[in-house]
Every structure is written in C-alpha cells, then in structure tokens.
Amino acid sequence: MKVSYQWLSDYVNLADVSPQALADKLTSAGLAVDAVEPRNKGVSGVVVGEIVSAEQHPNADRLRVCMVDAGTGEQLQIVCGAPNARAGLRVPVALPGATLPGGVQIRRTKLRGVESNGMLCSAAEIGLETRLLPSGQTTGLFVLPTETPIGEDIVKVLCLDDVVLDIDLTPNRSDCFSIRGLVHEVAAILRCTHSFPESVEAPTGTGEAPIAIDLATELCPRYETQVLDGIQQVASPLWMQMRLVAMGIRTIDLVVDVTNYVMLEWGQPLHAFDADSIAQSRIVVRQARDGEALVTLDGQQRMLTRDMIVISDPEKAIGLAGVMGGENSEITSSTRRIAIESARFDGSSVRRTGQRLGLRSEAQQRFEKGIDPAAVTPALARATALLVELAGATPIGPAVAVQQKESATGLRQVPFVPERCREALGFAISNDEIENIFHALGFAVRSQDTPWLVEVPSRRPDVTLTADLYEEIARLHGYDNIPSTTTVLPVTPGMRDRRQAMLARARVLLVDMGLYEVRTYALTSPDALAPLAASYQPIPLLLPMSDERRVLRTHLLPSLTEVAVHNLAHQVPGGAIFEIGKSYLTTNLPLREQPREREVIAMLWFGESEGTLYEKTRRYDFYDAKGVLDRLLAVFGTDVSYVRSSMPWLHPGRSADIVADGETIGVIGELHPDTAAQFGVARAVYAELDVALLLATYQGEIQAKGLPKFPGSRRDIAIVVDRATLVGDLLTTARHSLEASGLLQGIGVFDVYAGEGVPDGKKSVAISMFFQDAERTLTDDEIEQLVKTATEALRVDHDARLRS
Amino acid sequence: MDMEALIVQLGRLQETALSELREISATRDLAHWRVQYLGKKSELNALSKQMGSLGQEERPLFGERVNEVRKALEEAYAQRQTALAAAEQALRLAQETIDITLPGRAVCKGAIHPISRVIQEIEDIFLGMGFSIVDGPEVETDHYNFELLNLPKDHPARDMQDTFYLSDELLLRTHTSPMQVRTMERMEGHIPIKVIVPGRVYRRDEDDATHSHQFTQIEGLVVGEGIRMSDLKGTLEAFAKALFGPEQRVRLRPSYFPFTEPSAEVDLLCVHCHGEGCRVCKGTGWIEILGAGMVHPRVLDMSGYDSNRYSGFAFGMGPERIAMLRYGISDIRLLYQNDLRFLAQFARA
Numbered sequence: 001m002k003v004s005y006q007w008l009s010d011y012v013n014l015a016d017v018s019p020q021a022l023a024d025k026l027t028s029a030g031l032a033v034d035a036v037e038p039r040n041k042g043v044s045g046v047v048v049g050e051i052v053s054a055e056q057h058p059n060a061d062r063l064r065v066c067m068v069d070a071g072t073g074e075q076l077q078i079v080c081g082a083p084n085a086r087a088g089l090r091v092p093v094a095l096p097g098a099t100l101p102g103g104v105q106i107r108r109t110k111l112r113g114v115e116s117n118g119m120l121c122s123a124a125e126i127g128l129e130t131r132l133l134p135s136g137q138t139t140g141l142f143v144l145p146t147e148t149p150i151g152e153d154i155v156k157v158l159c160l161d162d163v164v165l166d167i168d169l170t171p172n173r174s175d176c177f178s179i180r181g182l183v184h185e186v187a188a189i190l191r192c193t194h195s196f197p198e199s200v201e202a203p204t205g206t207g208e209a210p211i212a213i214d215l216a217t218e219l220c221p222r223y224e225t226q227v228l229d230g231i232q233q234v235a236s237p238l239w240m241q242m243r244l245v246a247m248g249i250r251t252i253d254l255v256v257d258v259t260n261y262v263m264l265e266w267g268q269p270l271h272a273f274d275a276d277s278i279a280q281s282r283i284v285v286r287q288a289r290d291g292e293a294l295v296t297l298d299g300q301q302r303m304l305t306r307d308m309i310v311i312s313d314p315e316k317a318i319g320l321a322g323v324m325g326g327e328n329s330e331i332t333s334s335t336r337r338i339a340i341e342s343a344r345f346d347g348s349s350v351r352r353t354g355q356r357l358g359l360r361s362e363a364q365q366r367f368e369k370g371i372d373p374a375a376v377t378p379a380l381a382r383a384t385a386l387l388v389e390l391a392g393a394t395p396i397g398p399a400v401a402v403q404q405k406e407s408a409t410g411l412r413q414v415p416f417v418p419e420r421c422r423e424a425l426g427f428a429i430s431n432d433e434i435e436n437i438f439h440a441l442g443f444a445v446r447s448q449d450t451p452w453l454v455e456v457p458s459r460r461p462d463v464t465l466t467a468d469l470y471e472e473i474a475r476l477h478g479y480d481n482i483p484s485t486t487t488v489l490p491v492t493p494g495m496r497d498r499r500q501a502m503l504a505r506a507r508v509l510l511v512d513m514g515l516y517e518v519r520t521y522a523l524t525s526p527d528a529l530a531p532l533a534a535s536y537q538p539i540p541l542l543l544p545m546s547d548e549r550r551v552l553r554t555h556l557l558p559s560l561t562e563v564a565v566h567n568l569a570h571q572v573p574g575g576a577i578f579e580i581g582k583s584y585l586t587t588n589l590p591l592r593e594q595p596r597e598r599e600v601i602a603m604l605w606f607g608e609s610e611g612t613l614y615e616k617t618r619r620y621d622f623y624d625a626k627g628v629l630d631r632l633l634a635v636f637g638t639d640v641s642y643v644r645s646s647m648p649w650l651h652p653g654r655s656a657d658i659v660a661d662g663e664t665i666g667v668i669g670e671l672h673p674d675t676a677a678q679f680g681v682a683r684a685v686y687a688e689l690d691v692a693l694l695l696a697t698y699q700g701e702i703q704a705k706g707l708p709k710f711p712g713s714r715r716d717i718a719i720v721v722d723r724a725t726l727v728g729d730l731l732t733t734a735r736h737s738l739e740a741s742g743l744l745q746g747i748g749v750f751d752v753y754a755g756e757g758v759p760d761g762k763k764s765v766a767i768s769m770f771f772q773d774a775e776r777t778l779t780d781d782e783i784e785q786l787v788k789t790a791t792e793a794l795r796v797d798h799d800a801r802l803r804s
Numbered sequence: 001m002d003m004e005a006l007i008v009q010l011g012r013l014q015e016t017a018l019s020e021l022r023e024i025s026a027t028r029d030l031a032h033w034r035v036q037y038l039g040k041k042s043e044l045n046a047l048s049k050q051m052g053s054l055g056q057e058e059r060p061l062f063g064e065r066v067n068e069v070r071k072a073l074e075e076a077y078a079q080r081q082t083a084l085a086a087a088e089q090a091l092r093l094a095q096e097t098i099d100i101t102l103p104g105r106a107v108c109k110g111a112i113h114p115i116s117r118v119i120q121e122i123e124d125i126f127l128g129m130g131f132s133i134v135d136g137p138e139v140e141t142d143h144y145n146f147e148l149l150n151l152p153k154d155h156p157a158r159d160m161q162d163t164f165y166l167s168d169e170l171l172l173r174t175h176t177s178p179m180q181v182r183t184m185e186r187m188e189g190h191i192p193i194k195v196i197v198p199g200r201v202y203r204r205d206e207d208d209a210t211h212s213h214q215f216t217q218i219e220g221l222v223v224g225e226g227i228r229m230s231d232l233k234g235t236l237e238a239f240a241k242a243l244f245g246p247e248q249r250v251r252l253r254p255s256y257f258p259f260t261e262p263s264a265e266v267d268l269l270c271v272h273c274h275g276e277g278c279r280v281c282k283g284t285g286w287i288e289i290l291g292a293g294m295v296h297p298r299v300l301d302m303s304g305y306d307s308n309r310y311s312g313f314a315f316g317m318g319p320e321r322i323a324m325l326r327y328g329i330s331d332i333r334l335l336y337q338n339d340l341r342f343l344a345q346f347a348r349a
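Chains as they are written, first to last, in the UniProt record's numbering: chain A, 1 to 804; chain B, 1 to 349.
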C-alpha cells in the first residue's frame, strides 16, 4: 500500500523521523517498505500563475502568446501550445530558471520569433500521474482552482513535498490498510503519542430517516446508511485530490473522492447510491438468486450466484456488496440525493465474488482481510461531515444502522504468561517492558494474575492467540535482540536413507560417465505426450496458463527430447543427459485422489558424440546407453537381463526391457524413427530405470569372500552361428551347461565378426571363459572337458560350429 | 716362431682390435667384432694355440700376455656396449617424444545441475546437524497444502501463492510445507523431529527472469519440548555460516506466514558486497533468503502435537535463489532451459 508521509504526520509527530528512517523502522517491525518515493519528481521554480490574456501567435497556428501574472511583479509573456490556454485560468508556470522532471531546464527563449519567458505546464510536465487524474486534467494545461494564490510555489500547492512509502503489507495486517491504523502502528513503534483531532460526530439531519434496511443474510453483520440531499457536484479540493493521487487512488468526482478518502483514512470502504433509484426507499441486503443478473458500474452484465451478497431494493439488485455498485443506482450529474453505505460484509464471500467476476477493487481487498467493526459508524459520520462541508449537502434524518443480533460481542481477551513468553522467544525481557509494549500497541492488560489477560482492540483481528502476543512482543522489542542459541534436543543421526543415498550416488556416477543432469518442467502439453501413445491419460490442470503447460507428464521422454531439440537448435551437436524426476499416473480421471508419482532415472543420448583426436565424432548408439546402464546397475548391485522390448515408440530391433527377478524395471532403446521425427530429433537413444523397482532389487549388504588360493585358467573359443543368434543367449547356454561343475567363474564375449572367411548369414563369436576351483589347480584335461561341454551345448542349442 | 715375434703380433692385434672397436657406432655391429676378436676362430685364439711351439719357461709368460690382451679386449667390449646402448636408448627416447599438450584420451564431460548442487550442499549441512531428509508428494490435497497449515478456504493469504488446481481438492503443491504436517502425523507424537524436505513446487506465475511456474524449495522442521525462537536463529546462523562462510550473519525481520507465529523473513549479509550495499542487495547490504518462524500452535495441534507442551520451528528456502546468488545467474529460466553450454560450466567440483 502506498502511504503519504504527510498524512501520517497529521496525527503523529514525525519531526525527528525522516521518511527513510520511518521506512527502516516499519520494515524492522514487519511492515516491509519496498520503496520510499518523493512526490516531487524534480520540480523547482514552478509557481501558480494566472493567464491574463491569450492571443494567437503571429507565426504559428497552434501556438498562443499569453500574458501571465505569476506574482513576479510584472506580467510575463509566455508562448504556449496547449489548446485549453485561455484568459482567467490559473495554471502552473515554470519561470525562467525552473527545473522540471527529467532535468528539463526552462530558459528565456524565442518561439517562432516571439519571446517566451517561461512555460505553462500540463500535469505530466510537473510529474503528476495522469492516469490518476480526472479526464479533463490529463491533457493540456493543468488547471488549478481559481482561488489558488498567485505566485505560490506549486510544490506547496500540490503537496509535492510529500513522500510516499510503498508498504508490502502482509495479509494479516488489515489494520494497516488505513492511515489511522498505520498511525497506531507508527506510534507503537516510535513509542510516541498520537491524536486524531477530527470529530467523529456527524451533523445529523432533522426528521425521520428516509430509508429502511432489511438485513436478509448473515453474510452482512452490520449495515449503516446516511441519506444526504442537495449534493453539489463540484471538484474535490486540491489537497484531497493530491492525497488520493499520492496513495495511488484515482480522483474522479467529489462524492467518490470523499468515499475513497474516508476509506483510506479509516480502512472502511464506503459506497454511494443515488437514493432516488432505491425503490420503496428500502435497502435489502441479501444473497443473490442463482441466475440473477446485474449490470455493474463498468457497464458489464454480471451473472450472479447464491453465495454473492447483493444490495437491493424490494424490486431489483442495485449493487454487489463490497465489490462494485450497480449501473442502475449510479450517481450522475443530475443526482440530488445520495445514500452513503458503510457496512461489514463477509470477507470470504466478497473474495469469491471478486474472483468469480475477475474484479479486485480497493474495497474488496479490505473486506477480504477483515475490517474493524468499530470503524463502520465513525467512517460514515466522517464521510457525512466531509460532504456537508465540501459538497454543501444536507443530511436527511439520522444515519440508519442495522446489525445481526448475535454479532455484538465484547473485546477479545488473550491469556498471557510473561515467563512462557520469555521461554518461547529465548530472550530476557522484563515484565515492565512487556507491559510498555502492550500499552504502546493500545492493548490493555486487564488482569495481572497468572495468566495475564490482554485485551486486544477490534482493529487487530490478527491477534487472537497467545503466540500472536509473543510475536507482538518480539517485533516491538526487536527481532535483532533475539540471541542465537542451540536447541536442547536428544542427539539424532543425520543420514540419507537408502533411496536418497543411491540417487545421490547415481547422480555422481552418471555425471562422471559424461551425462549432464537436467531439470525440466513436469507440466507439458498433450501433444508432446502423444507420440508415446501411452496407456495413461495425462492429468489436466483446471486453469492452465498456456497450451504448452497444461497437463502433468506421464513420461519423461518428451521432457528430455525438448532439451535435445533446444540444444540441437543452439549449436550443440549432441550430448547425453539425464533427469531424476517424476511422472504422474492415474487410471481414474477426472482425478479423485492423489495420483501415483513414479520416480525414474531417465536418460537420453542425442545427436553426435563430441569428436576427439582419438575417436571420430559419431552418432550415439544403443551400446553407449547400455554401457552406462550396466555400470549403474552394477553399482546398485542389480542383476538384469535385456529382453526385446515391444514399446511401439522404440526401434523394434534396437530396444530392450530391463528385467530383474522377472520384473521389468526399465527400458532402453533407440527411438523409433517415426517417434524421433515427431519429437524433432534425428536419432536418439533413451533409457529409464524405475527408482522404486530398482530399490526393490536390493540384495542386502555385501558379503565378502576370501581370495582364491589356486590359480584359474582362461580358455577362448570361436564359434560360428546364424547371424540372428543373440550373443546373450549363447552365453546363457554356455553358462547353464557348466552350472553343475561350479567351476565357471566368468564368461564373456570379446569379438563378433561377420564377413570374409565366415559363410553368408553367419557370424563368428569369440567367447572367453575363466575356470577356477577353490580347492586345487585344475588339470588341462579337466579344462578341455569343460570347454567341450560348453561347445557341445552351443552346438545343440544354437547349431554353433567351432571355427577352424 | 719365437716368443718375441708372437708378443709383437699380440700387441698389434690388441691395437687393431681396440682401434676397430672405437670405430663401431651401433650395438648390432659389436657382435661381429666380438666374433672376430674374441670368438673361437679369432686371431687371438689362433695365436694362443702357438703356445705349444714355445719352450717350457716361455709358456707361462706368453699365456699371461694372451690373457691380458683377452681381458683388455673384453673390458673394452663391455664398455663400448654400455656406451652404445645408452646412446641408442637416448636416441630412441628422443624419437618417441610426443606433444604433451594434446588432450588426454578419456574425455568424458558431464555436470550436476546447479540446483542439485545447491540442494546437495544444503542437505549435507543439515545432515551434519542431525537432520534427516524426507520426500513428499507433489500432487497434494488442498487439506494438507492449505487447511492443515492454518489456511482455510477463502483465506486472503492464499493470494500469496497462486495455485495450479487439478480438481477442487487436488493441486500441485505450492510449497514443501505440507510435509510439516505429514511428517508430524507420521511421527505420531514422538520427538524430536528434525527434518528437511527438498522438492519441486509449483505456482501459477508467468515465467520471467525471476519467476518460474516450477521451482524447488527446501523446508525445515524441528519439533520438541522447549524449542525457542532463539534456537531458530542459532540454527539458521550455523547454516548460513556453513553455506556462505564464517563471516556470515543472519537478520530476522517480522513477517507473516499463516503456519508460523511468530514469523520472520531471514536476511543474510549480501553475498556480493558483504554488507556494504550494492546492486544485488539494492543497497541494503542484506538479501532475503528464507522464510521462517515458530510452528503455529494450531498447526501443532492439528498435527497431533499439543501446543501447550511442544514447540518447534520451521523454515523454507529456495535453492534457485541461492544458486542464482552464488553462481551469478541473472535469469531463472537458464536453470530450466538445460542448454548444455550453460550446464557445462558446472562440471567443476
């Protein structure tokens, strides 16, 4: 909220506290001041002047030559281009030597051959926010009231010597949404006195109240109105306009300005109706009927629902409570009688109404956060007094006030034990100091028995619990005075659980194997997921912000290809990336319960490897991915087999399910060329491991064996098999055939060859086996026998011939 | 032949042999010399066989002389061989010289994402203080994300966090704070609770240089008996010193969060100017890095911890902000664009 420093200083002595010092103190007390902005944007040497005459410039159609009395003792000839320049206007005059915002210097000069001794100014030229001014003041010369003294410094006249503090109010401090509330707070922080000299007694009119009120909903605890007659639609006084503008409120006309002014002063939103538009002189505050419509002040037809509060008469709705008035009760130039409303409305209802209709007014924000019940009556009185004084209005009858029976309650008393406060905050503070703070806040200590009873004024609805009082003590004593201490708690071991430790290890391992970790968005588009033709429907957002981010991903592949596409388009020829992330899976849409969040380690190799001196650049392939997976799985201690995958989005001949203990824990494969094309990557290899399933394969703690005492022997064989035969199957056969012996300690492939010397349609596979017995050295004969067993099994199962 | 003549012949032989040996410049030519002068068919051997023609008394003298010559030749041979081998090796090594400035062979690039780096470092600091790490669901219920955190429906403070809803009751969590409640419920009244919760969170913000609709948070929660606000300050101060260096200080400012009371914004000395005031800290010397406070009594009570007996503190911070400050990153979108040229800068340990 923007706050005028001068307005505050009407009620509290700020002589020794500069705006910046005040800002610092407010910030340390919890009202964060984001900016301290002088109203004067660089104006000096500008005074009030009256245009005595305005003649056509001899050499320019659009210029006027004005004679101006600026109180300098002689009339100044000033050339002016503003269309509204005419004799009799009082306007800001920048005298020679004056400075305007933006560092503009005003000098004596000649314009088209005519001498000009200064400049007549528009609102923008003296740094006023034109968007906050009435439409008549936004272009042309800024016209001052005729009674403005000639020669007076414009800085004084327009209160440009004021400074505005922009406070980032936290939602709990509804009390600081007004000047009076802030005065209480400032006085408490500065520990000084304050006074509000204005009377809160309104002049009451004679006779009966001309209006009746029905409270037909509990969502309005109190409603008051005052009818005034003889409203003169004159401009608001300059000081009022300037205060509104300083606090960021648009000045419109006197009635609206007064309601806004009082809202800023008291925090109580007011609304003015044309009293003659209220049928049967009866205001009915009720909930809207479903399907009821109202054209609001902005000319828009609004469809209402039952949970909205409307102000109506017996025939029709005339306003949306706390949000916006109705067009049918708007005050116009012909309005004579007005009804000022001062009321409390349920914050939640006002909030919902505003959200539903896309409106967010100053009034609405105040109702949402809660207004002071004690302000309703005096705010109405203050508005009445101002309208009587400034608009020449006459009150008709007394103000009418109606309230819900049960809504009258006493002030809240909160129990408080000083000793416990000291314990909770961890610092020493005397009972006297605590009492001083409560006193400064305007909180009354009603009982000094244990516990104390602290009575909280109605303007502080945020203080309801003992802990709230602790915060008041802490912030006014100063958070800086809180010492740093250590918790007194039993010792706890801090360690990662198995999943966390494994993921941390996997991250380091993958990075060391040359993969870059990425972090991508969980929100994506259905189109991005479409190429996967997945079995899960993605969960949509109710109100997405964009088409690209409107569903939760069901798979990580699109996220990773998005990264690949970005990089390929930015001079990165390829790379290997991974993400430890989640997909969100449900079979039950629309969503009724939390979906399954499937955590995976997802990896993608795209484009070409970076060429080196030793290895030419080449496209990443299946085996790049498999090498990384093998290493990763070895670290997890997981034995897996690779089984041809049937994922439609993967290359059918170059993909595999990763199976451990009969369960598929992941997948690896080159993207199907069609899928790759849909994702916009030429070729890429994807692999993923399901973290939960991977962890389930955990083999328990390492059980170490001693070292063998007897040497082992290695034997290599080369066999010729059909080219389609899987090496993995060959190894399995060999392994199984030697299982009974218990002597095969290792087996692996070290060469695969097809071409010259090998028949067409065949390939040669070189297999190495390592045999060892724990008890003795194996003889050559024994080893030969073992090799024969394996070779025979390979012949039987795979038609394998030893290569000669 | 008389001995005199034989000895002269021996002398000449020695001279010739040694002279030839000096001429040899490659080890492979040495063998030929050795055969010629020290082999079975060598002149020396032939001469020594002449011994039979000498008289009894002359034989030992002549034998001695032959041996002297043989020994001299053998020694010279050995010396020459050593010298030549050394020279040849030196030559070979010189020829084998490589360009030691060429790149090494095992070129493997990769990097941990800067956000993960920061998270891991923060985790390690709190692990060292005896905290454990917990993870929670990203799709949360309104109940846990808001209501149990003292944010009933239509509470104006809900404006502080614009929310992505999936249904009336389900949403993308706007903070990691629901894990305060879930952790307390899981602990079923046992103390102490000392956890941190790193995780992804979501808010309905337009992505720009300082906002991201998805970002990460690390929540902290401590619950026990007699936990004071000063303990919160002490813990965060220890954390700040561990993360940013021993000269760090923390400043608490009163603030508001519905689920803590009292609440605080926590500032650290500006990591750029160390409190002098600069562009990064907008001249204040401080940067806001955390939100914190004492767990609200209503939150404790709703989570099964009697607020009359137990107290606690909670805090939350944004790894993105810390990463941006620490690494001088000015646009949060760089962290989610995953341009490898950007990420490669984080390959360093």
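If you're looking for bench data, these hints aren't it; they were derived computationally from the structure. A couple of the hints might just be wrong.
[As the list claims (entries may be wrong)] Simulated pairs of lysine to aspartate or glutamate, EDC-like, Cα-Cα distance not exceeding 20 angstroms: (1) K241/B / E225/B; (2) K241/B / E96/B; (3) K41/A / E55/A; (4) K282/B / E593/A; (5) K49/B / E4/B; (6) K25/A / E123/B; (7) K49/B / E123/B; (8) K282/B / D168/A; (9) K71/B / E15/B; (10) K109/B / D722/A; (11) K109/B / D630/A; (12) K405/A / E433/A; (13) K709/A / E775/A; (14) K25/A / D331/B; (15) K709/A / D690/A; (16) K763/A / D716/A; (17) K153/B / E129/A; (18) K109/B / D621/A; (19) K282/B / E218/A; (20) K109/B / D512/A; (21) K109/B / E615/A; (22) K282/B / D10/A; (23) K616/A / D630/A; (24) K241/B / D480/A; (25) K109/B / D624/A; (26) K282/B / D331/B; (27) K153/B / D657/A; (28) K626/A / D657/A; (29) K788/A / D674/A; (30) K153/B / E775/A; (31) K109/B / E610/A; (32) K41/A / E147/A; (33) K156/A / E115/A.
These numbers were taken from a predicted model, which means no experiment stands behind them.
We went through each hint and held it up to the structure:
1. K241/B / E225/B: violated (26 angstroms)
2. K241/B / E96/B: violated (53 angstroms)
3. K41/A / E55/A: Measuring from Cα to Cα gives roughly 32 angstroms; hence the hint is violated.
4. K282/B / E593/A: violated (45 angstroms)
5. K49/B / E4/B: holds (15 angstroms)
6. K25/A / E123/B: violated (35 angstroms)
7. K49/B / E123/B: At roughly 92 angstroms apart (the allowed maximum being 20 angstroms), E123/B and K49/B break the hint.
8. K282/B / D168/A: At roughly 16 angstroms apart (the allowed maximum being 20 angstroms), D168/A and K282/B satisfy the hint.
9. K71/B / E15/B: holds (14 angstroms)
10. K109/B / D722/A: Cα-Cα ~39 angstroms, so violated.
11. K109/B / D630/A: Given that 20 angstroms is the threshold and the Cα spacing comes to 19 angstroms, the pair holds.
12. K405/A / E433/A: The given pair, whose Cα atoms are some 40 angstroms apart, is violated under the 20 angstroms limit.
13. K709/A / E775/A: holds (7 angstroms)
14. K25/A / D331/B: violated (32 angstroms)
15. K709/A / D690/A: Cα-Cα ~41 angstroms, so violated.
16. K763/A / D716/A: holds (16 angstroms)
17. K153/B / E129/A: violated (37 angstroms)
18. K109/B / D621/A: Roughly 17 angstroms separates the two Cα atoms, so the pair holds.
19. K282/B / E218/A: Measuring from Cα to Cα gives roughly 48 angstroms; hence the hint is violated.
20. K109/B / D512/A: Roughly 7 angstroms between the alpha carbons, so the hint for K109/B and D512/A holds.
21. K109/B / E615/A: Roughly 15 angstroms separates the two Cα atoms, so the pair holds.
22. K282/B / D10/A: violated (31 angstroms)
23. K616/A / D630/A: violated (24 angstroms)
24. K241/B / D480/A: Holds, because 18 angstroms separates the two Cα atoms, which is no more than 20 angstroms.
25. K109/B / D624/A: holds (14 angstroms)
26. K282/B / D331/B: Judged against 20 angstroms, a Cα distance of about 17 angstroms means the pair holds.
27. K153/B / D657/A: Cα-Cα ~47 angstroms, so violated.
28. K626/A / D657/A: holds (12 angstroms)
29. K788/A / D674/A: violated (46 angstroms)
30. K153/B / E775/A: violated (75 angstroms)
31. K109/B / E610/A: holds (10 angstroms)
32. K41/A / E147/A: violated (25 angstroms)
33. K156/A / E115/A: violated (29 angstroms)
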